[in-house]
Amino acid sequence: MQELLLFTRQGCCLCEGLEEKLGALDPPQPLHVIDVDTDPVLQGRYGLAVPVLAVAVAVAAGAYGPLRELPRVSPRLAGAQLQAWLIKQGVR
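When the sequence shown is numbered by my numbering, its final residue is 80 and no position is left out of the sequence of numbers.
Keep in mind that the hints were calculated from the coordinates and are not lab data. There could be a bad hint or two in this list.
Label-pair distances were calculated between CB atoms; the ranges are [as the list claims (entries may be wrong)]: (1) 4 <-> 44: 33 to 39 Å; (2) 72 <-> 32: 29 to 35 Å; (3) 33 <-> 4: 16 to 22 Å; (4) -2 <-> 60: 27 to 33 Å; (5) 0 <-> 73: 18 to 24 Å; (6) 28 <-> 76: 16 to 22 Å; (7) 16 <-> 56: 35 to 41 Å.
Every value quoted in this text rests on a predicted model; they were computed, and no experiment measured them. Where is the CB? At the ideal position from N, CA and C, for every residue including glycine.
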């Protein structure tokens, strides 16, 4: 399974909701949560646009290239609908 990267910030209810929904998937999708406020570059890149969901593009065994950001996830998606959306985005 591809690891998802969730760019978030403390106190963001949309971020917390998406993290909770992703964690509840069965089977769970590997997820790495990154607080954009811990890095000025990330803060400048994402600002208030969080949550942003991305996947790392594998370029070789154990090596990753640039991130592929996914379209914004509707806060209404959960469970099977969220899983189907991820599959549609090419996340397996």
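Of all the hints given earlier, name the ones this structure violates by number, lowest first. The structure breaks hints 1, 4, 6 and 7; every other hint is satisfied.
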